[in-house]
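Same order as they appear, the protein sequences are chains A and B. To convert, note that position 17 of the first sequence is 17 in the numbering used here; the numbers rise steadily by one, no gaps. To convert, note that position 284 of the second sequence is 284 in the numbering used here; the numbers rise steadily by one, no gaps.
No lab work stands behind these hints, which were simulated from the structure alone. On a predicted model such as this, the values are computed, not experimentally measured, just so you know.
Below are the SDA-like pairs computed for lysine to any residue, each with C-alpha atoms no more than 20 Å apart in a straight line: (1) A:140 x B:156; (2) B:140 x A:149; (3) A:23 x B:160; (4) B:284 x A:116; (5) A:140 x B:148; (6) B:258 x B:296; (7) B:258 x A:115; (8) A:258 x B:32.
There are 2 protein chains.
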Amino acid sequence: MSFTGTLPGLTSEITDQFETALKQFVDSRDLPLYKMMSYHLGWVDQNGEPEASAPQDRTHGQLVLNVASAFGGSLEDAMPYAVAVELLHNFLLVHEDVQNANTERDQRPTIWWSWGPAQAINAGDGIHAMARVSVFEQLKRGDASPDPASISEALEALDNATLEICEGDYLDITYQERAAVSVNEIVAVARNHGSLFGVAAKLGGIAAGASAKQIEALNSFGSALGTAKNLNIDLKALWPSDGTERTEVQRGRLQSKKKSIAIAHAIENGSPTTRRRLGEIFMKRVLDPTDVDEVTGILAETESRRFSEAKIAELMNEAETALNQVGLSNSDNESLLSAAKIIVESE
Amino acid sequence: MSFTGTLPGLTSEITDQFETALKQFVDSRDLPLYKMMSYHLGWVDQNGEPEASAPQDRTHGQLVLNVASAFGGSLEDAMPYAVAVELLHNFLLVHEDVQNANTERDQRPTIWWSWGPAQAINAGDGIHAMARVSVFEQLKRGDASPDPASISEALEALDNATLEICEGDYLDITYQERAAVSVNEIVAVARNHGSLFGVAAKLGGIAAGASAKQIEALNSFGSALGTAKNLNIDLKALWPSDGTERTEVQRGRLQSKKKSIAIAHAIENGSPTTRRRLGEIFMKRVLDPTDVDEVTGILAETESRRFSEAKIAELMNEAETALNQVGLSNSDNESLLSAAKIIVESE
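Same shape as in the complex, but just chain A (with noise of 0.2 Å):
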């Protein structure tokens, strides 16, 4: 299940005005194109009309504000890099969704499919320019803007997050047409991919006036702790919580062939036959469900789920490592961990 509440450390009352703040900052621009962008995350229908579809999950703008206020950092100061981290995420599952062409996402008809793929990929665009305008507009409008180096500090960072992330697409993509894949290049495509948690956790502590050297050891926190997080959501798309079915996005990276730290696993220790069955599955152009039962039926055989899950506990220890080496109190760590934990178990 996905995580659509609140963070520990947070109060509904923040996360409300984060919400307010996500979606004043989309809707003061009055354009079609920012209609979809609405649409997108869940505050209007298809036409821009006004729905209240389920909540989102808003981890990783909440992340940024979880820090910032662990170091009693003021939210005025972190809510613009909220903003700015929540669109990054998000641009990155409108371009996915036409990637991976997922035609629904929370249970809501995806940009590509509702507009088509050319849409899509501007819209993505569009909100990837957004979410560093947030920053550039919003600490106009505040009272006690950062100085412009921290500004500056803040953009870098979101920048170089969003090029780690490129870099390991670019090796996902290119995983998925292999059969040969080692659980070190899965684990190095979750790193990329866990830097947008590790910029999260920067952006909080460049908000609040972090230390360099506490900034840090806040990027290796949340980077660490989305690393354990993507290599947990293929292993929830291969095993769903009980009673669940898979979700079309869970069915679209499956039958797109992703490998998962199980599967690389599997590929990697299961005897010759088992070795030479996935590899006839993973010639195939797309796999059906039958494929995917078979997948999963070899990796109960190899024992890949208790070896993967193994090495995201040990992500969480490496999380928390980092953690201590920030100096919060006790009771500030203890809430980042248990959010980090809520983090890394949802969808």
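Mind docking chain B on chain A? Use the hints.
Chain B alone, transformed into the frame defined by chain A:
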């Protein structure tokens, strides 16, 4: 023909330096993602091996240098901005190739055609991020770094231009599916896309320390010439220069029913029979070459080409008026105007 030479006001030494700066920046990251970018930019083949491909149009970056040099600004300071604008332009091309399903650009297979749409979307996103990273990274290296406020101004200008272009793209794509598109609507979209040359001229001014008023006038100059160029691109697709065939990109625009100012003029001013016939043609999902011939035949009857050329001349006057407000020397004014003419006339 696309313009691959050196704009008036620059020397071939400077454009060589620019090409080197662009290449060094992309090459500074040694990962497969960047090889795909290098391929798109014409330096390597699909296997990442050096290839001396035909030179490409670099007028976006050159205009930055041109303006900076007219102000007597240091080329070193302007170079990262030139790299940024050139990359911004190229990120848009990579995504346009997916959106219009162009198989070839500059006589070479496009990224999406060679690596698939998922990789092309990702490569474009990466180039988009690189555009701004160049400003951060290269300015750090230089001795004479501009102040953080002007870096911030440049970055904000880049993001706002990108958003304007996305706003225009939204409409441009919508108009593909509509027959009733007005001249004003087409000119408005061309203005949106013109903001790319607007930001090029603006960044040249920022790099050279121009005043706020001058930067505003430079932006108007660049936007007007960019608007004229965008209108002209469509005319050139309709009526290729004597003795040349339509390129793949030109065919892609016409067959995907992108509307030009000439078509909008005929739709607004044609006889009822003409309008009905245009409506029938644009009801097709994709046009074939005989449809395109019929459209150009109709446009000859309605004198839509002459009308469009007059509009372009009007925009060039607008560019000239804006440039006169900058207060440069006569010779610098002349050389920027000749550069503008070359940009508008090339494809």
